[in-house]
Amino acid sequence: MASTVEIEEDDDYEEYIPVKKRRLMEAQKILQRKGGKTAVLGEGDVEESKLAENKPSLLVKASQLKRDLPEITPIEQKVQEEKEMIEHLSDRKTLMSVRELAKGITYTEPLETGWKPPLPIRRMSPKDCDLIRKQWHILVDGDQVPPPIKTFKDMRFPEPVLKKLKEKGIVQPTPIQVQGLPVILSGRDMIGIAFTGSGKTLVFVLPLIMIAIQEEIMMPIVPGEGPFCLVICPSRELARQTFDVVEEFLVPLKEQGYPEIRPLLCIGGIDMRSQLEVVKKGVHIVVATPGRLKDMLAKKKMNLDNCRYLTLDEADRLVDLGFEDDIREVFDHFKSQRQTLLFSATMPTKIQNFARSALVKPVTVNVGRAGAANLDVIQEVEYVKQEAKIVYLLECLQKTPPPVLIFCENKADVDDIHEYLLLKGVEAVAIHGGKDQEEREYAISSFKASKKDVLVATDVASKGLDFPDIQHVINYDMPAEIENYVHRIGRTGRCGKTGIATTFINKNQSETTLLDLKHLLQEAKQRIPPVLAELDDPMDNGPDITDLSGVKGCAYCGGLGHRISDCPKLEHQKSQSIANSRRDYFGSGGYRGEV
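Residues 1 to 595, numbered by UniProt numbering, are exactly what the sequence shown covers, in order.
Just so you know, the hints here were simulated from the structure itself, not pulled from any lab data. Built from N, CA and C at the ideal position, the CB exists for glycine as well. Hints should not be assumed to be uniformly reliable.
Stated by the list, open to error - Under the rule of at most 30 angstroms between Cα atoms (straight-line distance), these lysine-lysine pairs were calculated in the BS3-like manner:
#1 K525 x K497
#2 K280 x K299
#3 K435 x K452
#4 K361 x K127
#5 K150 x K134
To be verified - Here are the simulated distance ranges between beta carbons:
#6 D566 x I170: 40 to 46 angstroms
#7 Q256 x D566: 54 to 60 angstroms
#8 I105 x E571: 34 to 40 angstroms
#9 M218 x N410: 47 to 53 angstroms
#10 T106 x M219: 23 to 29 angstroms
#11 K300 x K385: 52 to 58 angstroms
#12 Q437 x E571: 30 to 36 angstroms
#13 E112 x D415: 51 to 57 angstroms
#14 V391 x I270: 36 to 42 angstroms
#15 T108 x R67: 33 to 39 angstroms
#16 E571 x E427: 39 to 45 angstroms
Work out the full structure: start from the sequences and follow the hints.
What follows is the structure in structure tokens.
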């Protein structure tokens with residue numbers, strides 16, 4: 001009797017269930033999972049069957065939920081996929097210094113400057129500001145955008161600067177200057193997008209001179225100190241050109257009694273000792289290419305402790321050309337907040353999203369679609385077989401008087417064409433990355449001075465370089481990327497003048513590139529040759545998803561002939577990053593597992 005009481009009091013006691021009954025119960029559970037009917041149980045098992053509820057399976061529930069969801073059209077599905085791709089691309093390390101990332105430093109307010117526009121302009125209503133922007137075809141995006149200003153005098157530049165502008169024949173600001181200069185002078189971060197040849201250089205050069213003078217007046221620079229302002233360019237030639245513009249405006253200011261401002265050209269191919277001498281005296285403005293700048297900062301020859309103004313010229317090209325890591329390293333040397341400006345003619349959504357991570361309350365100033373061709377250029381596209389190109393080139397040179405620019409994809413072609421033109425008695429010079437700095441500078445200076453009639457070049461000469469009075473650009477090869485085409489043809493038709501661009505195409509080009517070219521010609525209302533018109537265009541036949549996604553063409557490279565899901569440039573970038581990751585392990589300097 002005692003034992004029975006003990007069992008009843010034991011809370012952990014479980015009644016024994018026979019094997020047959022257990023098997024039936026398991027079978028019942030399996031049937032319930034499949035959504036089947038209740039299993040037939042043996043005698044005495046009816047109570048167990050009542051306890052087991054016949055619940056629908058997860059698979060059944062999922063299919064019911066799908067039925068209840070609103071139907072997604074193929075276009076909406078494609079838009080969703082593209083959004084995910086863009087978000088994935090933007091999900092990268094932000095463009096900030098290691099110190100700022102480590103300490104969680106974020107700047108919320110733009111830098112203060114002492115500049116203010118005249119009172120009537122400050123009192124302009126938002127409606128009046130929008131009206132001026134509409135007249136000048138300026139699109140702005142951002143909070144509390146400073147008002148546009150239609151004259152250089154109202155921008156309150158010193159008299160020597162206004163005089164120099166008049167000397168250069170610049171009487172009225174261009175659209176990007178009308179809005180861009182007030183934004184920068186107000187101390188705001190900015191993304192500037194405008195056609196090639198629209199005067200972007202002056203937009204960042206004039207304010208940086210003003211900042212340098214202001215800083216020098218407040219507290220004169222001491223030896224070994226500086227710079228206050230930094231401009232980074234993708235090529236040595238563009239850096240040289242920007243530096244010359246800076247010097248051009250500093251000379252009259254110094255003559256009028258303003259404090260001396262020391263600029264420095266910090267590029268490769270030049271002896272570093274001459275650059276270090278300027279730094280030792282104290283430097284106000286540095287115009288640099290990423291490689292040499294990174295080198296000087298790493299060797300502690302220069303610091304950015306006092307730098308408060310940073311411009312990335314041709315910003316998208318700097319990121320695309322593989323300088324992204326170099327620029328990140330430069331950012332690591334900043335000790336405090338700076339005003340950051342990004343400029344280019346082609347600025348895909350990918351780069352804009354990437355750039356916004358580094359900017360504080362940025363203002364985007366857009367004149368024309370980012371990546372659109374200059375409307376002052378007549379674009380002619382001709383089908384020429386590969387072997388006939390070099391002979392047809394001479395015929396093309398007869399179209400217009402010199403100077404003429406010829407662009408090629410690779411260095412070997414540049415050298416071959418240069419040699420061929422010299423044999424034919426054409427006064428020609430050549431430039432590419434394989435030539436030393438002296439040759440490159442001679443080619444550019446003699447061509448600019450009209451001593452030579454033709455310049456043969458790779459894309460090193462296509463970014464931002466300003467050649468006076470070029471009437472004709474010949475693309476000996478159609479570039480693989482449509483952005484390069486836009487930059488190339490932008491060497492002509494500058495500052496309101498017109499020009500011609502002739503492009504040779506044949507079967508060697510990919511269909512995607514040719515489709516991008518076709519859409520670019522359509523947008524600029526240019527004649528489309530039959531060879532392009534006959535191309536099978538998926539953008540014409542496929543669903544129009546521009547209305548839903550808001551992105552015209554490819555969000556990655558800016559090409560109009562394809563969407564981001566078919567972007568050849570994106571595919572190339574992916575394969576490159578895979579190759580680079582492999583090189584880390586098996587290439588020189590990587591580690592190998594010891595066998």
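Hints, verified against the model:
Under the criterion of a C-alpha separation no larger than 30 angstroms, the hint pairing K525 with K497 is consistent with the structure, at around 18 angstroms. Among the hinted pairs, K280 with K299 is consistent with the structure: their alpha-carbon atoms are about 14 angstroms apart, no more than 30 angstroms. Distance restraint check for K435 and K452: the Cα-Cα separation of roughly 18 angstroms lies within the 30 angstroms cut-off, and the hinted pair is therefore satisfied. Simply put, K361 and K127 have alpha-carbon atoms about 22 angstroms apart, close enough for the 30 angstroms limit, and the pair holds.
Of the pairs offered as hints, the one joining K150 and K134 holds, with about 13 angstroms between alpha carbons and a cut-off of 30 angstroms not exceeded. Between D566 and I170 the beta carbon distance is about 43 angstroms. The supplied range of 40 to 46 angstroms therefore holds. Here the CB-CB span from Q256 to D566 is close to 57 angstroms, well matched to the stated 54 to 60 angstroms. Distance hint check for I105 and E571: the Cβ-Cβ separation is about 37 angstroms, which falls inside the suggested range of 34 to 40 angstroms.
Between M218 and N410 the C-beta distance comes to about 51 angstroms, which sits within the given range of 47 to 53 angstroms. T106 and M219 have their C-beta atoms about 27 angstroms apart, which keeps the hinted 23 to 29 angstroms range intact. Between K300 and K385 the CB atoms are about 56 angstroms apart, so this pair conforms to the stated range of 52 to 58 angstroms. Restraint check, Q437 to E571: a C-beta distance of roughly 35 angstroms satisfies the suggested window 30 to 36 angstroms.
Checked against the hint of 51 to 57 angstroms, the C-beta distance between E112 and D415 comes to roughly 53 angstroms, which is consistent with it. The supplied range of 36 to 42 angstroms is met by V391 and I270, whose beta-carbon atoms lie about 39 angstroms from each other. At roughly 47 angstroms, the beta-carbon separation of T108 and R67 lies outside the given 33 to 39 angstroms, and the hint is violated. Judged by the Cβ atoms, the range 39 to 45 angstroms given for E571 and E427 holds: they are separated by roughly 42 angstroms.
The structure does not agree with numbered hint 15 stated previously, though it agrees with all others.
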